[in-house]
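> Could you slot chain B onto chain A? The hints should help.
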Amino acid sequence: MSVTAEKTGPGTRTERAPGPPAPAKPRKPSLRQRMWRERWSYTFIVPGALFFLVFAYVPMLGNVVAFQQYSPFRGIEGSPWVGFANFNAIWADPEVLTALRNTLIIAVLQLVFAFPAPIALALLLNSLISDRVKRFVQTVVYLPHFLSWVIVISVWQQVLGGGGLVAGILGDMGMPGFDAMTNADTFKLLVVAQGMWKDVGWGTIIFFAAIAGIPNDRYEAAAIDGATPWQRTWHITLPALVPVATLLLILNIGSILTVGFEQLLLQQPMVGANAAQVLDTFVYFRGVMGGQWGIATAAGLLKGVIGTILVLASNKLAKKMGGEGIF
Amino acid sequence: MATATMTRPGKAGTPPWMAPPSIWVRGIKAFVIVLIVITMIYPLVYVIAMSFASPSQARAGVIFPTEFSLDAYRAIFNGGTVTQGLTNSLFITVVGTLLSLAATSMLAWGLARTRQVPGAKAVLIMVLATMFFSAGIIPNFMLIKYLGLLDSTWSLIIPGLISAFNMIVIRNFFQGLPEELIEAARIDGAGEWRIFLQIVLPLSKPVLAVMGLFYAVGYWNTYFNALLYINDSEKWPIQVVLQQYVLAGVAIPGAVVSPDQPPPPGITLQMAVIVLATVPILIVYPFLQRYFTSGVLTGAIKG
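Chains as they are written, first to last, in this note's numbering: chain A, 815 to 1141; chain B, 43 to 345.
These are computed hints drawn from the structure, not numbers from a lab. One thing to keep in mind: the hints can contain errors.
As the list claims (entries may be wrong) - Cut-off 30 Å, straight-line C-alpha distance, at most; resulting in silico cross-link-like pairs (DSBU-like, lysine-lysine):
#1 A:Lys948 to B:Lys277
#2 B:Lys277 to A:Lys1130
#3 A:Lys1002 to B:Lys71
#4 A:Lys1133 to B:Lys163
#5 B:Lys163 to A:Lys948
#6 B:Lys163 to A:Lys1134
#7 A:Lys842 to B:Lys163
#8 B:Lys247 to B:Lys163
#9 B:Lys277 to B:Lys187
What the hints assert, rightly or not - Computed list of chain B residues with no C-beta within reach of chain A, every gap over 10 Å:
#10 Gly122
#11 Asp193
#12 Gly296
Note that the structure is predicted; figures quoted are calculated from it, not measured. Each residue gets a CB set at the ideal place from its N, CA and C atoms; glycine is no exception.
So here's chain A without its partners, still in its complex pose (with noise of 0.2 Å):
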């Protein structure tokens, strides 16, 4: 999605910023006129502005309940101030740093197996001849991507769970007690592995785009000077796929203190908060259910800040590296 970002900034770029035009020369209409020769247009995009505003900006303000000790009944205005008493308890409080391991410790598990994932997969579907088996096997892959996780981590249970499958076999077997989606030891090795059922299908799809990209031409010289189809994977299609990669990679980095939030929220009852409580479920338990408004807005804000600082720092770092960046 930030690639569109990054394409479209530079498109724009080089049009006239909007305000107030300079002295105005002979031929130029005035910003009024043209506002008014524009009227019409304005009425496709005011509601939208208006929406972002009220959905996007306007909560924003909402953060401010982090220097309160809010209670719903008194409400912003009615609420104590309280300064960074809250930022202050989030760091006594040993929930917050258990939180903050656990997501992590999911993040590091996610980028070193979900992340190189779906490069892996889509170079072996390119490397397939028949063009029906991948067009088969990209269907199904795709599939896990749009069920929600709701219904992913059903299916899960119904075949991993306690009295799933898997236990079913293994019980026949002489090996009762089998149940992955319970077990505490395993259960950040689960989430990766259920994050790559649902999406690494999904993942491929942009690299499949910088595949197609490569001129044949390339393959067909490595080919005659003798180059063996590993050789042309490793020297033509993987540097081709770096571009799009690190942007990936920037992505997650901005992201490594967000995992999975519904996936986490709704396995954490059959766990247990010890392995699966993340700094969103912190938020949640803490804030929506365990009304400690104050503190659960203040890790939330400090998560968010934290996150773009993240992006920020890694996008600068990408350009600095000689690649494109996101924006």
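Same frame as chain A, but now just chain B:
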């Protein structure tokens, strides 16, 4: 379609310079691919099959049922709560998708001519920026509460009315429309709205179809917002109902086939609820699949 361009050799098969892979390589590839396909598909097939399993086989637990029965579905539809959930989700999906398409394409058309319309670029930047931050769970909750939308079905539609990403994809499509056509209409005196409704929208059916499908899937899959904003179980969408009965293990009220018959085993009931929540996705999937590669690619790559 993108799949066609992906295959370098084209329809002719192996290009002359490509040596056929050795039997070992082919064997390993085939094995890996079969493994992936089974991992992806078997769980779904198993759930669907078990939802139709006869009570005795479901209780015994088999890898694949051979005796079938519709009891689970009968019991669920007798119960009523799942039907209610499906109805709610259907409403949210249909109404939400139509409103989203209208709102998104309007904004996209308004922002398609950033150069001519003063202020449009500022709005565009404002919209794009929302892809990089979010206010957070609690401020959003407070907003919905403040607007009096708690416990209203509209709280599941309005906050997600326009996705910035989808807006950009549609805007890109609009910008690719033949300019002469629109200029000609403008010279003939057609207003912006007339151009939009009679020229732009009819020409944009493909991209509207893709975006409509994406929106529809999103609305159908709504879960967390419903958990957050909707207390009244009568108004729950199917995803929350599914979570209650399958993951939280709550018994489905009134789920019996007939008063003189024992209720179907819980496992087939659960499987049947999963299937009912999944079927709409499976129905639209072939259409999605035909379009989404091109849809996603036009959005992400051509920019």
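> Evaluate each hint against the coordinates.
Hints, one by one, checked against the model:
1. Only pairs whose Cα atoms come within 30 Å are accepted, and Lys948 (chain A) paired with Lys277 (chain B) is rejected, the gap being roughly 42 Å.
2. In summary, the hint linking Lys277 (chain B) to Lys1130 (chain A) is not supported, as the alpha carbons are separated by about 46 Å, beyond the 30 Å threshold.
3. For the hint pairing Lys1002 (chain A) with Lys71 (chain B), the CA-to-CA distance comes to about 29 Å; that is within 30 Å, so the pair holds.
4. For the suggested pair Lys1133 (chain A) and Lys163 (chain B), the alpha carbons sit about 25 Å apart, so the restraint of at most 30 Å is met.
5. Between Lys163 (chain B) and Lys948 (chain A) the alpha-carbon distance is near 42 Å, which puts this suggested pair outside the 30 Å criterion.
6. Of the pairs offered as hints, the one joining Lys163 (chain B) and Lys1134 (chain A) holds, with about 28 Å between alpha carbons and a cut-off of 30 Å not exceeded.
7. Among the hinted pairs, Lys842 (chain A) with Lys163 (chain B) is consistent with the structure: their alpha-carbon atoms are about 19 Å apart, no more than 30 Å.
8. Note on Lys247 (chain B) and Lys163 (chain B): the hinted pairing holds, with a Cα-Cα distance of about 26 Å set against a maximum of 30 Å.
9. This hinted pair checks out: Lys277 (chain B) and Lys187 (chain B) have alpha carbons roughly 17 Å apart, not beyond 30 Å.
10. Its beta-carbon lying about 20 Å from the closest one in chain A, Gly122 (chain B) satisfies the requirement of being farther than 10 Å from that chain.
11. Its beta-carbon lying about 14 Å from the closest one in chain A, Asp193 (chain B) satisfies the requirement of being farther than 10 Å from that chain.
12. At roughly 21 Å, the least C-beta separation between Gly296 (chain B) and chain A is larger than 10 Å, which holds for a residue marked as non-interface.
This entry does not satisfy hints 1, 2 and 5, going by the numbered hints stated previously.
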